[in-house]
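2 protein chains.
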Amino acid sequence: MKKLIVALLLVLPLALHAESLKSPNGELELTFKVQDGVPTYALNYKNKEVIKESKLGFELVKLDNLMKGFTLVKAEKSSFDNTWTPVWGEVKTIRNHYNELEVTLNQTSTDRNILIRFRLFDDGLGFRYEFPQQKNLVYFTIKEEHTQFAMAGDHTAFWIPGDYDTQEYDYTESKLSEIRSKMNITPNTSQTSFSPTGVQTSLMMKSQDGLYINLHEAALVNYACMHLNLDDKNLIFESWLTPDAQGNKGYMQTPCQSPWRTIIVSDNARDILASKMILNLNEPCKIKDTSWIKPVKYVGVWWEMIVGRNSWAYTDDLPSVKLGETDYTKTKPNGKHGANTKDVKRYIDFAAENGFDQVLVEGWNEGWEDWFGHSKDYVFDFLTPYPDFHVKELQQYAASKGVKIMMHHETSASVRNYERHMDAAYQFMVDNGYNAVKSGYVGDILPRGEYHYGQWMVNHYLYAVKEAAKYKIMVNAHEAVRPTGLCRTYPNLIGNESARGTEYESFGGNKPFHTTILPFTRLKGGPMDYTPGIFQTQLNKVNPNNNSFVHSTLARQLALYITMYSPLQMAADLPENYEKHMDAFQFIKDVAVDWDNTVYLEAEPGDYITIARKAKGTNNWFIGNTSDENGHLSKLDLSFLDKDKKYIITIYKDAKDAHYEKNPQAYVIQKGIATAKSKLKIKAAPGGGYAISILEVKDKKEMKGLSKI
Amino acid sequence: MKKLIVALLLVLPLALHAESLKSPNGELELTFKVQDGVPTYALNYKNKEVIKESKLGFELVKLDNLMKGFTLVKAEKSSFDNTWTPVWGEVKTIRNHYNELEVTLNQTSTDRNILIRFRLFDDGLGFRYEFPQQKNLVYFTIKEEHTQFAMAGDHTAFWIPGDYDTQEYDYTESKLSEIRSKMNITPNTSQTSFSPTGVQTSLMMKSQDGLYINLHEAALVNYACMHLNLDDKNLIFESWLTPDAQGNKGYMQTPCQSPWRTIIVSDNARDILASKMILNLNEPCKIKDTSWIKPVKYVGVWWEMIVGRNSWAYTDDLPSVKLGETDYTKTKPNGKHGANTKDVKRYIDFAAENGFDQVLVEGWNEGWEDWFGHSKDYVFDFLTPYPDFHVKELQQYAASKGVKIMMHHETSASVRNYERHMDAAYQFMVDNGYNAVKSGYVGDILPRGEYHYGQWMVNHYLYAVKEAAKYKIMVNAHEAVRPTGLCRTYPNLIGNESARGTEYESFGGNKPFHTTILPFTRLKGGPMDYTPGIFQTQLNKVNPNNNSFVHSTLARQLALYITMYSPLQMAADLPENYEKHMDAFQFIKDVAVDWDNTVYLEAEPGDYITIARKAKGTNNWFIGNTSDENGHLSKLDLSFLDKDKKYIITIYKDAKDAHYEKNPQAYVIQKGIATAKSKLKIKAAPGGGYAISILEVKDKKEMKGLSKI
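Which chain is which? The protein sequence lines are A and B, in order. Quick note, the first sequence lines up with residues 1 to 709 if you use this note's numbering. Quick note, the second sequence lines up with residues 1 to 709 if you use this note's numbering.
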């Protein structure tokens, strides 16, 4: 498969100061220059400017900066083309095909060399800085990375505020020039914004001449997470790294490199969704035996707490808790502790009856009376259950029904404490039959002064994943740094939150267009545990004191299992809410969580997304559409189906009068027979969508009574 | 043994604002008052002022301070008297005898209660703040503790500069009023001084009217280490806690308390040395089975590196190291790597031949080419030996000779890294027959911004000790926070550095009076791994490039095994240096490291100390004297010996013309017979001292040829 085309070594005369490179299909062109000693790059797509001439460089602490005085001493070009197979994913195999330009720069005054490696794919550009070990550059501390992304126009952007601690913001769609005026910092348990024009990656943009541009990073390892700060007079974004407790932004030891800075570009929005460039820029899988890594569909004791009907805490008696000193058996139970043996068994029953793999249980362990906001060090031990949660009994019960319980490790961002207990906590999981953990990092980080997205924590998150792999444990980390494709290298990282998830529907709601943006932004780095599937969208029906509602129709909730790609999918609503709509729930039961193929049918960020996916190892397809507050009319062509096959198609769509706010539960289910020649015309309601299952007919009897659709 | 005298509960009228308390022997008197809402205390000794009226209180972050507006709502007095047996120590049993005053204060405006608990012993006062759990005080953050110690005069003090990161300073003897002008911050690999009049505890003082006063703290647990800042106009010391990375000084969750603030006082300097008050203020031993905790006499591969003759590093090839990536077998050995199998065997042989328990080996593991000063996170793994250090072979060799190898864990102050590897590192020790570790914290702390003496690190050091106990490992931590008597509670903490040790004799030298002060200061909190026993005091004889010399005579080097109490004693010099003076070395071979009794014969801080100790489980006594640059003439009375016994006495003393600089190796050994009636007159040279062994005669033949001394 691997086809390494012979590198063209071009050792050029000292006068050299410019290089250019084209993508394999020739549509993208990179230009690299050293202008008056300053390295710059620019990127065109089909002769349109994507990135105007933009500077590159680093400001260092105590050392001379790596910003100017450079000469280009060497330029090497090469090509690479291979195809690899992900452990799980949207497609069965992924082609990694790029042309590469590696430039070596020498800073004359300090005699230091740096390399910049550009990889130009048909779907975009990735580049990174590399720092070889050398006499004059062994250790250095980054004050700031100054990588520019000079925009060619006042694009429309889909952005969230830059923040060192949280990504749980609603998106704003605005012109770049409007970012400053539309900056809206909504509250969170831990947050640190830094600039009136600072935004986060992955950032999605659309130019007036129809280019879709995505800025992000790949392979964020032992480095601070990058934000983008906009010079809104000149429309130039510049990297803005997350600092540490002392204000420094990175501790480097050569040989080392930055993460890849990525620019995905196309004139077709669907190509942005389809791009696997960020995965391709990550290292191949480092876990040898991956047989234990399996996609997971799950339910859990969670939404009942998020909605406020039940509690994580066991008692209301305690103003604060000292683990190991507080005797819970002497406290009065508050009567609404969700993670109790009886109710967990009900979830296990429901999971087993409906084909779910796992049951997440949050609030099972001591400490929840008092768990964040107090800079508390020893907040959880990850081992000690509440008196009403019987670990062994539940494990046996779950095992007898072929279901696993999913572990929950809320760290409260007290990461020293988590690391101290990590081995014992993972061993406890192994001993008790758990193979997946949802971890959480709510609140300000301990060590105090560190941020969620600084180098220290970036190091921690990966440590937790690598340690978990030793125990064959899959990790789904919430409130962690947003992913950058590391799931290729460590596929036991099966999920992350790192965005505003479904929980916010209970905290005032997400904007109706939210799920038409996330696949263009947050999901470019890796899957999100979005926890869809809320059927009872009026939350006061679950908790009379909760006046929020889910900004989605029920039909769209089904679609999210397709549009929000993840190998880990929760059916987040309460069993009793599903039991009222078992016809619609059938889609969640049927839908796959791992795929052999994906076809991006329609896409426009902020408006709609329609995706078809072929379930792993089958001929079954599933389609999902999510639409913004204006709804959307899809005209679909099922030509991706096997021409020789017939399929039972079931369409779960918004009823005519459905509306995310006024009539969210109005759905229609249509069943018929489909072939590759079928064409569909389906309307998504405002804030609506639809889901479709297309199951291969294996026995003609299945078609009885059904007509072509 | 335990005799808890009935508490006198005095619930007094609201007008109450003063209380007083006397020590069991009546010589110390504490007065506590609430003056205009501010709590104050004062301490007298034999009617002399020790502490003038001094304020108490806390400044908090974001909450109202706990400084004023208090009323005294309750005062309780009680007495306590018991005797306990330390696992190891200077004496067989320790009496814990005090009168206690517990005052409850209410801050009316906030309705918060705090308690102050005073324990008045015959040898001093300990007091601490206690914060009960209450509605209005659950979590709080300390901005500063404002505990005053108002001095009654311009005392002579023996002090080192206040510093958040190091105690490795030479002492200055000066008036309090001269501290500012004599402040001298000598360089260290990690240091942070904070005030021109800041000093460290334990602080030793002497008043003009002959009072000896020591200020320190006891039971420093989960709290920042206290420094003292002097208001040198008014001669008032005030507590100055070590901050964290954000400048805060303590994160507290009620119920909780401060460490004990301690004032040891007497008109006889020997009582300061004899005081066990700091141990008494610590909690009883929390380790149930202590059978594995044993005092240790050791030699080691260490001084040869300290002197600069050999190196910790294996090679000089590497500008920096990445553990796991650097292949040492491909580097060129530098030929002076100390921790090589062959030379370690030589040390094992020497240890076995001379009755030592262990051989410390530093520099055995990969990473020393590049080990501090670079804020390096993954600096050591504590598991991987250099190619020339064969763990199994050496363990077998050592075991065959009845000797253990002592583990060395240099953390480079990268404590996240250490904690991540700690379990594996301790398990490695167990698997390979190690039972004691010397740990080190050289360089600036990671997490960055934290200090060696902040709450974060205080928590870490104890964590390392408690985790070690699970593996039955003894800990000797260097560069850690200075001890505060925690070795009572965790007797596997058998040593600490936390002061300027013998190594500085190789880095320019310690002042000649250094060892006449340490027992009054640093040693009050717990034993020090001072690493005495340097016979070749002219260091250019070991390394021609080292022009330092040890500021001590050879005879005094012997004395330190007695005057510097520790259950862990190193004979730090090279075997070949001992082999040239086997007659003097006999004392080191004979001397015990655990004791049934101690008699403090003579003491004057900064001048001289003479101590006699009775070896555990024997009738053998050992005496040591250390003297300052003026020397000292001792007139000793051996009446502490058993009246019915005879002893072989061997005196190792400075020759007449001995001098720490001009003639350090001039010693005389005198042997004879001693009884309880014997009287000795021995002169210590300038920077000199003497050592005496007094071994019970069990067989008259031993006395043959010896005469009464």
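Bear in mind the hints are in silico, worked out from the structure with no lab data behind them. Just so you know, even glycine gets a beta-carbon here, dropped at the ideal spot from N, CA and C. Some hints could be false.
[To be verified] Restraint ranges, calculated between C-beta atoms of paired labels, are given here: (1) B/Pro132 - A/Ile185: 51 to 59 Å; (2) A/Asp36 - B/Lys62: 49 to 57 Å; (3) B/Ser195 - A/Asn65: 29 to 37 Å; (4) A/Ser78 - B/Glu576: 54 to 62 Å; (5) B/Gly433 - A/Asn65: 29 to 37 Å.
[Said to hold, decoys possible] Far from chain B by the CB rule (all over 12 Å, computed), these chain A residues: (6) Gln133; (7) Val138; (8) Met252; (9) Trp292; (10) Asp327; (11) Ser400; (12) Glu419; (13) Arg420; (14) Glu467; (15) Lys541; (16) Ser639; (17) Lys679.
Each hint tested on the structure:
Taking the beta carbon of each, B/Pro132 and A/Ile185 are about 38 Å apart, not inside 51 to 59 Å as hinted. The given range of 49 to 57 Å is respected by A/Asp36 and B/Lys62, whose C-beta atoms sit roughly 50 Å from each other. A hinted range of 29 to 37 Å holds for the C-beta pair B/Ser195 and A/Asn65, which are about 35 Å apart. Between A/Ser78 and B/Glu576 the C-beta distance comes to about 59 Å, which sits within the given range of 54 to 62 Å.
About 52 Å separates the C-beta atoms of B/Gly433 and A/Asn65, a value inconsistent with the hinted range of 29 to 37 Å. Residue placement check: A/Gln133 does not keep its beta carbon more than 12 Å from all beta carbons of chain B (closest about 6 Å). A cut-off of 12 Å between C-beta atoms contradicts the statement that A/Val138 is not in contact with chain B; the least separation is 5 Å. At roughly 10 Å from the closest C-beta of chain B, the C-beta of A/Met252 falls inside 12 Å, breaking its exclusion from the interface.
Every CB of chain B is more than 12 Å from the CB of A/Trp292 (nearest about 23 Å), matching its label as outside the interface. Residue placement check: A/Asp327 keeps its beta carbon more than 12 Å from all beta carbons of chain B (closest about 14 Å). Once the 12 Å rule is applied to beta carbons, A/Ser400 is consistent with being away from chain B; the minimum gap is 34 Å. Not every beta carbon of chain B lies more than 12 Å from that of A/Glu419, the smallest distance being close to 6 Å; the non-interface claim is violated.
At roughly 6 Å from the closest C-beta of chain B, the C-beta of A/Arg420 falls inside 12 Å, breaking its exclusion from the interface. Remark: the non-interface label on A/Glu467 conflicts with the geometry, its nearest Cβ contact in chain B lying 9 Å away (cut-off 12 Å). Even its closest Cβ contact with chain B, about 35 Å, leaves A/Lys541 beyond 12 Å, as expected for a residue assigned away from the interface. Listed as a non-interface residue, A/Ser639 keeps its Cβ farther than 12 Å from every Cβ of chain B; the least gap is roughly 51 Å.
No beta-carbon of chain B is positioned within 12 Å of the beta-carbon of A/Lys679; the least distance is around 57 Å.
In summary, the structure is inconsistent with hints 1, 5, 6, 7, 8, 12, 13 and 14 from the numbered list given earlier, while agreeing with the others.
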